[in-house]
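Which chain is which? The protein sequence lines are A, B, C and D, in order.
At position 24 of the first sequence (counting the first as 1) the number is 24 in full-length UniProt numbering, and the numbers step up by one without a gap.
At position 179 of the second sequence (counting the first as 1) the number is 179 in full-length UniProt numbering, and the numbers step up by one without a gap.
At position 191 of the third sequence (counting the first as 1) the number is 191 in full-length UniProt numbering, and the numbers step up by one without a gap.
At position 39 of the fourth sequence (counting the first as 1) the number is 39 in full-length UniProt numbering, and the numbers step up by one without a gap.
Hints should not be assumed to be uniformly reliable.
[Stated by the list, open to error] Label pairs and their in silico Cβ distance ranges: (1) B:37 / C:216: 25 to 31 Å; (2) D:259 / C:230: 49 to 55 Å; (3) D:85 / A:246: 40 to 46 Å; (4) B:91 / D:205: 38 to 44 Å; (5) D:110 / A:275: 31 to 37 Å; (6) B:87 / C:107: 46 to 52 Å; (7) B:91 / D:182: 34 to 40 Å; (8) C:234 / A:246: 37 to 43 Å; (9) A:91 / B:113: 45 to 51 Å.
[What the hints assert, rightly or not] Here are some chain C residues the structure puts well away from chain A; computed CB gaps all over 10 Å: (10) 51; (11) 191; (12) 194.
No lab work stands behind these hints: they were computed from the structure.
Think of the CB as a built atom: it goes at the ideal place given N, C-alpha and C, for glycine as much as any other residue.
4 protein chains.
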Amino acid sequence: MTQSPTLAPIPSPPAHPAPIPSPPAHPAPIPSPPARTGPGGYSLPLSPSGRSSMLTPPPWHFAGEVVMVDYRVDPDAAASFLPPELDLGPDPGAAAAIWAQWQWCSESADELGSPQRCQFGEFLILLACEYRGRPMARCPFAWVDHPVPMVRGWVQGMPKQLGAIHQTRPMRVGSAGPRLGAAGRFDGTVAVEGRQIAQASVVVTEEAVRPPALHTVPLVHTRTFPAWLPGEEPLAQLVSSTVTDVEFSEVWSGSASLRLDGDAIPDLGLLAPVAVGAGHVFGYAETLHGGSALT
Amino acid sequence: MTQSPTLAPIPSPPAHPAPIPSPPAHPAPIPSPPARTGPGGYSLPLSPSGRSSMLTPPPWHFAGEVVMVDYRVDPDAAASFLPPELDLGPDPGAAAAIWAQWQWCSESADELGSPQRCQFGEFLILLACEYRGRPMARCPFAWVDHPVPMVRGWVQGMPKQLGAIHQTRPMRVGSAGPRLGAAGRFDGTVAVEGRQIAQASVVVTEEAVRPPALHTVPLVHTRTFPAWLPGEEPLAQLVSSTVTDVEFSEVWSGSASLRLDGDAIPDLGLLAPVAVGAGHVFGYAETLHGGSALT
Amino acid sequence: MTQSPTLAPIPSPPAHPAPIPSPPAHPAPIPSPPARTGPGGYSLPLSPSGRSSMLTPPPWHFAGEVVMVDYRVDPDAAASFLPPELDLGPDPGAAAAIWAQWQWCSESADELGSPQRCQFGEFLILLACEYRGRPMARCPFAWVDHPVPMVRGWVQGMPKQLGAIHQTRPMRVGSAGPRLGAAGRFDGTVAVEGRQIAQASVVVTEEAVRPPALHTVPLVHTRTFPAWLPGEEPLAQLVSSTVTDVEFSEVWSGSASLRLDGDAIPDLGLLAPVAVGAGHVFGYAETLHGGSALT
Amino acid sequence: MTQSPTLAPIPSPPAHPAPIPSPPAHPAPIPSPPARTGPGGYSLPLSPSGRSSMLTPPPWHFAGEVVMVDYRVDPDAAASFLPPELDLGPDPGAAAAIWAQWQWCSESADELGSPQRCQFGEFLILLACEYRGRPMARCPFAWVDHPVPMVRGWVQGMPKQLGAIHQTRPMRVGSAGPRLGAAGRFDGTVAVEGRQIAQASVVVTEEAVRPPALHTVPLVHTRTFPAWLPGEEPLAQLVSSTVTDVEFSEVWSGSASLRLDGDAIPDLGLLAPVAVGAGHVFGYAETLHGGSALT
Chain A
1 MTQSPTLAPI
11 PSPPAHPAPI
21 PSPPAHPAPI
31 PSPPARTGPG
41 GYSLPLSPSG
51 RSSMLTPPPW
61 HFAGEVVMVD
71 YRVDPDAAAS
81 FLPPELDLGP
91 DPGAAAAIWA
101 QWQWCSESAD
111 ELGSPQRCQF
121 GEFLILLACE
131 YRGRPMARCP
141 FAWVDHPVPM
151 VRGWVQGMPK
161 QLGAIHQTRP
171 MRVGSAGPRL
181 GAAGRFDGTV
191 AVEGRQIAQA
201 SVVVTEEAVR
211 PPALHTVPLV
221 HTRTFPAWLP
231 GEEPLAQLVS
241 STVTDVEFSE
251 VWSGSASLRL
261 DGDAIPDLGL
271 LAPVAVGAGH
281 VFGYAETLHG
291 GSALT
Chain B
1 MTQSPTLAPI
11 PSPPAHPAPI
21 PSPPAHPAPI
31 PSPPARTGPG
41 GYSLPLSPSG
51 RSSMLTPPPW
61 HFAGEVVMVD
71 YRVDPDAAAS
81 FLPPELDLGP
91 DPGAAAAIWA
101 QWQWCSESAD
111 ELGSPQRCQF
121 GEFLILLACE
131 YRGRPMARCP
141 FAWVDHPVPM
151 VRGWVQGMPK
161 QLGAIHQTRP
171 MRVGSAGPRL
181 GAAGRFDGTV
191 AVEGRQIAQA
201 SVVVTEEAVR
211 PPALHTVPLV
221 HTRTFPAWLP
231 GEEPLAQLVS
241 STVTDVEFSE
251 VWSGSASLRL
261 DGDAIPDLGL
271 LAPVAVGAGH
281 VFGYAETLHG
291 GSALT
Chain C
1 MTQSPTLAPI
11 PSPPAHPAPI
21 PSPPAHPAPI
31 PSPPARTGPG
41 GYSLPLSPSG
51 RSSMLTPPPW
61 HFAGEVVMVD
71 YRVDPDAAAS
81 FLPPELDLGP
91 DPGAAAAIWA
101 QWQWCSESAD
111 ELGSPQRCQF
121 GEFLILLACE
131 YRGRPMARCP
141 FAWVDHPVPM
151 VRGWVQGMPK
161 QLGAIHQTRP
171 MRVGSAGPRL
181 GAAGRFDGTV
191 AVEGRQIAQA
201 SVVVTEEAVR
211 PPALHTVPLV
221 HTRTFPAWLP
231 GEEPLAQLVS
241 STVTDVEFSE
251 VWSGSASLRL
261 DGDAIPDLGL
271 LAPVAVGAGH
281 VFGYAETLHG
291 GSALT
Chain D
1 MTQSPTLAPI
11 PSPPAHPAPI
21 PSPPAHPAPI
31 PSPPARTGPG
41 GYSLPLSPSG
51 RSSMLTPPPW
61 HFAGEVVMVD
71 YRVDPDAAAS
81 FLPPELDLGP
91 DPGAAAAIWA
101 QWQWCSESAD
111 ELGSPQRCQF
121 GEFLILLACE
131 YRGRPMARCP
141 FAWVDHPVPM
151 VRGWVQGMPK
161 QLGAIHQTRP
171 MRVGSAGPRL
181 GAAGRFDGTV
191 AVEGRQIAQA
201 SVVVTEEAVR
211 PPALHTVPLV
221 HTRTFPAWLP
231 GEEPLAQLVS
241 STVTDVEFSE
251 VWSGSASLRL
261 DGDAIPDLGL
271 LAPVAVGAGH
281 VFGYAETLHG
291 GSALT
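Bound-form chain A, shown alone:
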């Protein structure tokens, strides 16, 4: 059965037709039609207004609650995840496993009115490294639970995939959760395609004097766009993110346990803990503006 087409009604001719205007004495030149520029937008999908774009352009503001575990990997394994321009730096094998529950918005802040759009969970691994003596962090694996931050990660070179990420939320009342800014236990889990790949427990006991080191250095990514055309070289650009308005809440720290299950994800097992250090819980915010090439 055919849907009846919704056509614009045919306009009736006006009762008194407008008089045909006389040509001006000196005709203005006929403007050439504007060059058609086609649909646009910061990302796909391109559209006439540009507003269909899956991504808004940066800057993006982020605020979140973080559960973080310091740990150590085999330094050779860490090195095998670094591009040649980076080296391990003074603390080879230093690593972190980080859970975060984020809220984000564009410059307009419009997304904050749609909590189903502006919230996501994230889990990532960081490896300590250096670029020409400058301390940085490399993210070999990351998962989020919303497609927008996933694609946004690929624009910057951050290898975000989709997973199911959960972490303990502090509660203001009752016994079903720890308190914010107090001693207590925070857990995190990650599952990817029906396999649990990471699990941590952090028992914070006291306020720390400074934020955990690996959360204070710039991230260095290999911005990658796979080859598709015959003979094309893939994009592989070493970049660092440009971040402002970094804020930490008070940081609570304590002991931690961490398990990574590498069976389901090739090469993830290389980054399993050889030792587990302190755990941390804190609020964090930043504004992300774009990247800069490391050259």
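Following the hints, position chains B, C and D against chain A.
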């Protein structure tokens, strides 16, 4: 290809067989085998240990963050959702739309170590009513985003279905979210089977002197189990929940907007707002022990 | 133990009937309001029209594609999942693991117009058993990927929980899948709360002369509704499903592998394969009308 | 505008080839470490073995079941979605809405053993167009329900986002579904972020003599990679997909209805139907090898 069966190895006979014991002079009576009682558990699935049960038995401890909007429905519509034992009470048409992000645990608190199990979002509608002059609240519709609280709802008579529930989270730092216990804006959305059915915006401006009324009265449910056998009468039991350890955080209140879209859900449109009142944001905790029949 | 339904008592006629009021002199008679009966429906949520009910009443028509693996469990383990009224029958330890992709509809067939509502995947385990010499099958565990069949399972006593269920689909063209009704390989996987719990591979090579035995006998469930009120006995009713219009397509059979991972689900490990038999692929349809008590 | 790839420079051959080293008099020489090349892979995440890559390299084999509706959009609206290199061709405003359930695999076919990885649903809109007189199809919007085909879409310039896509499956037996290759009704629905955006009903009545035109022409995409670095021009490359091994099953056709709801997606409303034509149901397979630039 057949998986090789994993059988227990056949035990070798002992080198020196144990001597055959002589029969006692007065034999003990041969014990009859215990009556087999079958698999058990608080709920399905029943299993030998009882630990496969989808639900743990009550009590359950809950703590959560709530975004609530007072509103009014047509009193006749409200009445049409009440069983005959209940009436509208002194404020006919008083209603509330409530978003909450919960954490819960059983008496053992074991679930708190698995954030993917102990967290869920909930949206529900409450209608003011009375049972024999006692103020109560009736929940005609509720949605959660996890199957365990859904089934647990059905055990108590609460009509929980599955949906996608989101609400603004307060943040400690940055610009991507309001602060806890302060003026700010909180939004909530609900989608069911790919249709958005509810949306609210609450702008809290000051601390309230008391919690919102409809969140302080007992819930009254019709505990229902559908008929399945020929001639069976369905269970339809009027019950009230037994709750202890209620805690409210400070409550912040202000103005609110609310939209319910009843197109996708039969009869939901009857409960659309005819007026929208104040909005509230607060933390809440309770322990749920079971129910009692109203007779 | 059967839960006694709590019905509204039939009101006795008053001892002294109220006097018949005299008719007014002139009168449109004021109609007396109908006795308010309250909201209704086959299941929760109850509503004025009854159409908010999550479940439609039976009968329900099902049609689906099945991938099934015959296997054997330890007979003592199988027995430990049977209520005392059932015994293992002539083939102790016979079991099956079954994947299915279903479409269903009520008598009206309305659901078929909403593929997001009428489709679901299912995985279940069956154990051979007997009730008073009558061959039946017991389902100790089942998972589906949609809440409606989950709740519908609980009404009948089938222990359905939510999981992620996938199985190979046959394709009419191309190389990315086997053909329907032909030799080929079919795989199935199940994940629950981020853990893979079952995986099978079936390589069918020839048409079978009859359907696999465990898919042809009635299911026997313990219809269970947990206790909620003080002193209440939970409903625990031994029932068999009433099914008509059973149809099998041609059945293709061959070899199979099967793995159950019991780590994530208490007592599931008891039902791990001690041997794996044949695999089967077929289409199946039935109409489910309700249940009958086994007494 | 093409983004200049940042490649490792091709090393020039040494001017004077190194002499073949004489064997040392004593000692196993200390081998110099191999030049470290860093982690690799076809896409992010890069890893030592390259096997962490979210995407396998092409070719990819696809097979699926398609429900397709021919319809017409306002030609000016269609034109506004075309880049300047394309024009509307001889049938301005011809469009199609296409639902498909796919299975895919890489050259190794490994993915077919993991049905949770190799299956996805897709919905897309196609617009008739021409490139230098060559008939092609432009895809302004597409949604899939799995992240791997989503990212793979972005590599080729296809604007795939995540959504919930459902379509009627034919069944071999019973009354809960139509038969494959026969008259019957097939429905499709799409929801994005909790909003239903498309719905179609196709009632096929007879076998068609040829496949629907818009499913037989090459797709032309604008391969896009957003700008991230200061002053960077985004990649925006007009490409056509290179496809082989196209197979159609028999095609059944009939009448159709179609509704697009553009409220939730900017600019989608521009492509709402002004008329709805025939509907089609068929199986389809192809192998996708990469792209070629249109110049």
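Please flag the earlier hints that this structure goes against, numbers listed from lowest up. 4, 6, 7, 8, 9, 11 and 12
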